[in-house]
Amino acid sequence: MTLRALLRLAWREGRASRRRLLLLVAAIATGTAALVAINTFTANLRSAITVEARGLLGADLLLSSRSVPTDSLRALADSLACAGGSPCRERATVTTFGAMGYIPTRTGVRLVRVTAVEGAWPFFGEITTSPAGSWPRLQGERIALVDPAFLTALGASVGDTLALGELRLPIAGTVDHVPGDVGIATAFGPRVFIPGALVPETGLLGFGARAEYDTYLRLPAGAAVESIADSLRPRLRPERVRVRTVQDEQRSLGNALERLGRFLGLVALVALLLGGLGVASAIHVLIRQKMETVAVLRCLGGSSRTVFALFLVQAAGIGLLGSMLGAALGLGVEQALPRVLGDFLPVTVTPSVSWPALATGIGLGLWTAVGFALIPLLGVRRISPLATLRRPYETAGRPPRDRWIAVAIVALMLSVVLMAIVQADSLPRGLAFAGGIGVAIAGLWGAALLLVRSLRRWFPHRLAYVWRQGLANLYRPANQTVSVVLSLGFGTFLLATLLLVQHNLLRSLRVDGGSKRANLILFDIQPGQAAGVDSLLRARGLDPTPAVPIVPMRIQSINGKTAQDYSRDTTDVDGQPAGWALRREYRSTYRDSIVASERVTAGRWWGEGSDSAGAPASISVEAGLAEELGVSLGDEITWDVQGVPIPSRVTSLREVDWARFETNFFVVFRPGVLDRAPQTLVTLVRVDSASERGLVQRAVVERFANISALDLSTVQRALDDILGKVGAAIRFMAIFTLGAGLIVLLGALATSRAQRLRETVLLKTLGASRAQVIRVAVAEYLALGTLAALTGLVLALGSAWALAHWLFETQFAVPAAPMLLLAVGVVALTAGTGIWSSVDLFRRTPLDALRNE
Amino acid sequence: MLRCENLTQSYRSGTGMLTVLQDISFEVAPGEFVAIVGPSGSGKTTLLGLLAGLDRPAAGTVRLDGEELSGMDEDQRAALRGAKVGFVFQAYQLIPTLTALENVQVPLELRGESDASRARELLARVGLGDRTDHYPAQLSGGEQQRVALARAFCTRPKILFADEPTGNLDQRTGAGIIDLMTDLNREAGTTLVLVTHDPELAGRARRILRLADGRLVSDTPA
Chain A
1 MTLRALLRLA
11 WREGRASRRR
21 LLLLVAAIAT
31 GTAALVAINT
41 FTANLRSAIT
51 VEARGLLGAD
61 LLLSSRSVPT
71 DSLRALADSL
81 ACAGGSPCRE
91 RATVTTFGAM
101 GYIPTRTGVR
111 LVRVTAVEGA
121 WPFFGEITTS
131 PAGSWPRLQG
141 ERIALVDPAF
151 LTALGASVGD
161 TLALGELRLP
171 IAGTVDHVPG
181 DVGIATAFGP
191 RVFIPGALVP
201 ETGLLGFGAR
211 AEYDTYLRLP
221 AGAAVESIAD
231 SLRPRLRPER
241 VRVRTVQDEQ
251 RSLGNALERL
261 GRFLGLVALV
271 ALLLGGLGVA
281 SAIHVLIRQK
291 METVAVLRCL
301 GGSSRTVFAL
311 FLVQAAGIGL
321 LGSMLGAALG
331 LGVEQALPRV
341 LGDFLPVTVT
351 PSVSWPALAT
361 GIGLGLWTAV
371 GFALIPLLGV
381 RRISPLATLR
391 RPYETAGRPP
401 RDRWIAVAIV
411 ALMLSVVLMA
421 IVQADSLPRG
431 LAFAGGIGVA
441 IAGLWGAALL
451 LVRSLRRWFP
461 HRLAYVWRQG
471 LANLYRPANQ
481 TVSVVLSLGF
491 GTFLLATLLL
501 VQHNLLRSLR
511 VDGGSKRANL
521 ILFDIQPGQA
531 AGVDSLLRAR
541 GLDPTPAVPI
551 VPMRIQSING
561 KTAQDYSRDT
571 TDVDGQPAGW
581 ALRREYRSTY
591 RDSIVASERV
601 TAGRWWGEGS
611 DSAGAPASIS
621 VEAGLAEELG
631 VSLGDEITWD
641 VQGVPIPSRV
651 TSLREVDWAR
661 FETNFFVVFR
671 PGVLDRAPQT
681 LVTLVRVDSA
691 SERGLVQRAV
701 VERFANISAL
711 DLSTVQRALD
721 DILGKVGAAI
731 RFMAIFTLGA
741 GLIVLLGALA
751 TSRAQRLRET
761 VLLKTLGASR
771 AQVIRVAVAE
781 YLALGTLAAL
791 TGLVLALGSA
801 WALAHWLFET
811 QFAVPAAPML
821 LLAVGVVALT
831 AGTGIWSSVD
841 LFRRTPLDAL
851 RNE
Chain B
1 MLRCENLTQS
11 YRSGTGMLTV
21 LQDISFEVAP
31 GEFVAIVGPS
41 GSGKTTLLGL
51 LAGLDRPAAG
61 TVRLDGEELS
71 GMDEDQRAAL
81 RGAKVGFVFQ
91 AYQLIPTLTA
101 LENVQVPLEL
111 RGESDASRAR
121 ELLARVGLGD
131 RTDHYPAQLS
141 GGEQQRVALA
151 RAFCTRPKIL
161 FADEPTGNLD
171 QRTGAGIIDL
181 MTDLNREAGT
191 TLVLVTHDPE
201 LAGRARRILR
211 LADGRLVSDT
221 PA
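Residue numbers (my numbering), protein chains in the order written: chain A, 1 to 853; chain B, 1 to 222.
Warning: the hint list may mix true and false statements.
[To be verified] Pairs of lysine to any residue residues, derived as SDA-like cross-links and limited to a Cα-Cα distance of at most 25 Å, are as follows:
1. B/K158 / B/D179
2. A/K561 / A/A539
3. B/K158 / B/S140
4. A/K290 / A/S837
5. A/K725 / A/F842
6. B/K84 / B/E113
7. B/K84 / A/K290
8. B/K84 / A/F842
9. B/K84 / A/Y475
10. A/K290 / B/N168
11. A/K561 / A/Y586
12. A/K290 / B/G141
13. B/K84 / B/K158
14. A/K290 / B/F33
15. B/K158 / B/D65
16. B/K158 / B/N6
17. A/K290 / A/G302
18. A/K290 / B/D219
19. B/K84 / A/A771
20. B/K84 / B/D65
21. B/K158 / B/A137
22. A/K290 / A/R476
23. B/K84 / A/M413
24. A/K561 / A/I594
25. A/K725 / A/S799
26. A/K561 / A/A623
27. A/K561 / A/A581
28. B/K84 / A/L312
29. A/K290 / A/L312
30. A/K561 / A/P234
31. B/K158 / A/A623
32. B/K158 / B/D219
33. A/K290 / A/Y475
34. A/K725 / A/R703
35. B/K84 / A/L757
36. A/K725 / A/P815
Read the hints as simulated data drawn from the structure, not as lab findings.
Here chain A stands alone, though its shape is the one from the complex:
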């Protein structure tokens, strides 16, 4: 048979079941749309990052450190940017630190991120302000610019006076956009921009205050930025200066966003696979209904190969049409994605067509349709022409095993793994994802099968007739109950898992939770201020915790070996302490008792008193850190506390519950040796009402300008906000999987239409009223929806519990209301879809029962 003739025959043969085939087209289109949308978006995002790359950093080179740049660092920077010429206009310094900002004439105070700018930063990209053109005024005038969120929080407006420590500045405008900035960044604290020269006037950067000092450089045109950065890194590392270039910025930003994009792409792939599953299930039933057609074709001289090719061509047509339709749809959906993900984007993404994404989408859609159709289609080859004469019973024994079906299944599984690897763009992640999907589908399949079987096994014979009839309908011959339950269940499973994980994450991060827990943290308290703060709080009827001292320090050596020794020693890489753990600044404390959020896992906690003079100080190290540092009981660590070496010995290890927002520490010293070291103090207090919290903060800040206060309910809102937005982005994609499930349901309904029609009119003939017939259908679809919802929920509870238990290590709780709402939603959606697609069946007259013979 020629290809042309085959195509013509395939077209004619498919004509009769066009409605059913169109639903399969829709099943493929849904997944492809999701895939094309997210991949196009990721591609556009990538090109936007490349285009705006220099603006993301605002300079060619960034040198950042936690301490005031030394003169030699300044000299080095000037020599790079200005060849030593002075004053150097190609260097800018930005100092960032947290402080309490308020408007003296108004109530309220807010923890802000102060960004003090000295020089012409940013050299690339533009900061937009309102009124426009306010940014350069920071370089000469005594003004401040603020995030709009700051004005909103305090009910202030442009023109008001801003108080930061001792400094008072008029607010000259708001900063609306900083290149490379992510909208959600302001959630934790709005920014306030002030001239760099005015930092000393705030009086805030005293001892113990944390600040980031960034030196931005514009290098002469043609400078080899990367090689300069590479040569600087080893020189500056001992001084704890980080070197970053545009490329670094682009890479880390691109990586983070691409990871989100890839993850969403994998969710889209699930939608496509569900569509494929729907195709396989529908074709399986369709083939059974087409047995006679096939047998007739065989009688008329068609070889089994021709007949197989005929249906394969139909499947390919479905795949091609579905994926093209999906691709077009996906480009439409892509326009909506910047709105969903907007707050995470540091760049403006302009929607445009990405041909590789389009081609990948169409290719994957086509393959999914053909690959999934192949397995049931192979059965066509075994239909004998004899079937024209004799119709086999539905329950005839299982057909003999077909080698090719096994081959097709393996090929399909391999291709799914391949798709996952391509979509994840990483071998291990792709494998893990494919494995995860496999486990989830197998679990759902098992759960669906178990539920469907056990319903039949323990059939509720006492129910009213319409219910029994509706339930029995789930088991009609050639039913697709399991595959519908599976595909609807998958959507439910994804949504429920998301809800559960989000709920449990938020719950574990519930920092303002509990009616007795502290919800206000005061920090950077100088030792001389502690008594004053305490009496101020007590005067307001509050009960603060005793102030906890914090002593900043760094590691000088472990068992006599310094960080430099370690970095020079390349022979024993495995046994080395992790670099970050060696270089970071530790904020340690000293106390004689253990607190509620920690537990000694090795060694012994010290008793009262102090270590004998001359002996190394006893310390207790957090167990995870000890592992990173490669230290155990008895090891010696020498600390650099403001230039003074303090030897110590590890006498115990602790496990710390970091999720509890209390004052927790990596390293705790036995009292004695640190008592007189330079330190700041922290105190926690519970203030019930929000307005009182504002007043307390304001009172503290007005009397002790250097003390910062963190209102945990603000942090909580920010966390809720961020997790809510991430959740929304993932839910947006998960909706596609639920959509695919619904289309599979519609496909199954279309396939079983003739049968349902026969049942409906038969019941009517036997005396059933229309209401009874509708009730039977409602019972059937309610049961179907309930099975799907149960399957999804049961599995979601399992996987979310596993995630909470092993990944997030939190207690697991089930939010009953949202789960119930989701379940009811899925059931209602299923029943609604079923009833809606059957409305015309209810209207048919019973004469059809006689006619359709």
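With the hints as your guide, set chain B onto chain A.
Positioned in the frame of chain A, the structure of chain B alone reads:
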């Protein structure tokens, strides 16, 4: 028991109207056994559908046990069928997901009666007392039609309509079904209206109505 007057039915077909039945009038007395015969396409099944209230006629009236069908809506006609009419079809029309017993019970269940004793009794009467829990797929064609017979009689209908009840069965099995049907008919005093193109089967009736091209061409005692 059953009376139709000037019954006419037509369907829209392509460009024009296709008249399937034209001006048919006759009456069936209680307990009578009537066969409607005629070649394929003569309108037999359409007539049966109208008589049983499965469809509305284009013109004319049907009175079933004194009740005028055309004045009723669909649900009223369904209730009437449930109460007074039994059906036997050529393709048995059992519900595949229900057991033999449950299939027989369906018309009773639809009326809200869940007592299984009547259904059991009837299954025993048609010789399937030991197969009540079998599904249709586990029964042979003749057995399935016997289940259908039990279903038709379980509501003690006043009138039974049968559409080619032996069409899918071999001769011997078919004859057994007809025997059963006439026996039940006699025992319960049910009126029987049978549609067939099998002359032998029609010969068992006491009266034969012959259809051709949608018209009643003869009405003769057998």
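Now for the hints, and whether the structure bears them out:
1. For the proposed pair B/K158 and B/D179, the alpha carbon gap of about 19 Å is at most 25 Å, so the pair holds.
2. Of the supplied pair hints, the one linking A/K561 and A/A539 is violated, its CA atoms being roughly 51 Å apart against a limit of 25 Å.
3. With a CA separation close to 28 Å, the supplied pair B/K158 and B/S140 exceeds the 25 Å bound.
4. Note on A/K290 and A/S837: the hinted pairing holds, with a Cα-Cα distance of about 23 Å set against a maximum of 25 Å.
5. Distance hint between A/K725 and A/F842 is unfulfilled; the C-alpha atoms sit about 44 Å from each other, more than 25 Å.
6. About 15 Å separates the Cα atoms of B/K84 and B/E113, which keeps this hinted pair within 25 Å; it holds.
7. Note on B/K84 and A/K290: the hinted pairing is violated, with a Cα-Cα distance of about 39 Å set against a maximum of 25 Å.
8. Using a Cα cut-off of 25 Å, the hinted pair B/K84 and A/F842 holds, with the two alpha carbons roughly 23 Å apart.
9. At most 25 Å may separate the alpha-carbon atoms for a hinted pair to count; B/K84 and A/Y475 exceed this at roughly 31 Å.
10. With a C-alpha separation of about 22 Å, the suggested pair A/K290 and B/N168 falls inside the 25 Å cut-off, and the hint holds.
11. In summary, the hint linking A/K561 to A/Y586 is supported, as the alpha carbons are separated by about 18 Å, within the 25 Å threshold.
12. Restraint check for A/K290 and B/G141: satisfied, since their Cα atoms lie roughly 23 Å apart, inside the 25 Å limit.
13. Taking the CA atoms of B/K84 and B/K158, the gap is near 5 Å; set against the 25 Å cutoff, the hint holds.
14. This hinted pair does not check out: A/K290 and B/F33 have alpha carbons roughly 41 Å apart, beyond 25 Å.
15. With a C-alpha separation of about 8 Å, the suggested pairing of B/K158 with B/D65 holds against the 25 Å cut-off.
16. The hinted pair formed by B/K158 and B/N6 meets the criterion: a straight-line CA distance of about 23 Å does not exceed 25 Å.
17. Straight-line distance between C-alpha atoms of A/K290 and A/G302 comes to about 15 Å, which keeps the hinted pair within the 25 Å bound.
18. The straight-line distance between the Cα atoms of A/K290 and B/D219 is roughly 44 Å, outside the 25 Å bound, and the hint therefore fails.
19. Restraint check for B/K84 and A/A771: satisfied, since their Cα atoms lie roughly 20 Å apart, inside the 25 Å limit.
20. Proposed proximity of B/K84 and B/D65 is supported: the alpha carbons are some 8 Å apart, at most 25 Å.
21. Only pairs whose Cα atoms come within 25 Å are accepted, and B/K158 paired with B/A137 is rejected, the gap being roughly 30 Å.
22. With a CA separation close to 18 Å, the supplied pair A/K290 and A/R476 stays within the 25 Å bound.
23. The straight-line distance between the Cα atoms of B/K84 and A/M413 is roughly 58 Å, outside the 25 Å bound, and the hint therefore fails.
24. Pair hint A/K561 plus A/I594 does not hold up; C-alpha atoms about 30 Å apart against a cutoff of 25 Å.
25. Between A/K725 and A/S799, the direct Cα distance comes to roughly 22 Å. Compliance with the 25 Å bound is thereby established for this hinted pair.
26. Using a Cα cut-off of 25 Å, the hinted pair A/K561 and A/A623 holds, with the two alpha carbons roughly 21 Å apart.
27. For the hint pairing A/K561 with A/A581, the CA-to-CA distance comes to about 14 Å; that is within 25 Å, so the pair holds.
28. Simply put, B/K84 and A/L312 have alpha-carbon atoms about 52 Å apart, too far for the 25 Å limit, and the pair is violated.
29. Under the criterion of a C-alpha separation no larger than 25 Å, the hint pairing A/K290 with A/L312 is consistent with the structure, at around 14 Å.
30. Annotation: proposed proximity of A/K561 to A/P234 holds, straight-line Cα distance about 19 Å (limit 25 Å).
31. As the CA atoms of B/K158 and A/A623 are separated by approximately 88 Å, the hinted pair breaks the 25 Å bound.
32. Distance check on the hinted pair: B/K158 and B/D219 sit about 22 Å apart at the alpha-carbon level, within 25 Å; holds.
33. Proposed proximity of A/K290 and A/Y475 is supported: the alpha carbons are some 20 Å apart, at most 25 Å.
34. About 38 Å separates the Cα atoms of A/K725 and A/R703, which puts this hinted pair outside 25 Å; it is violated.
35. Between the alpha carbons of B/K84 and A/L757 the distance comes to roughly 24 Å, so the proposed pair stays at or under 25 Å and holds.
36. With a C-alpha separation of about 19 Å, the suggested pairing of A/K725 with A/P815 holds against the 25 Å cut-off.
Hint compliance for this structure: hints 2, 3, 5, 7, 9, 14, 18, 21, 23, 24, 28, 31, 34 are not met, and every other hint is.
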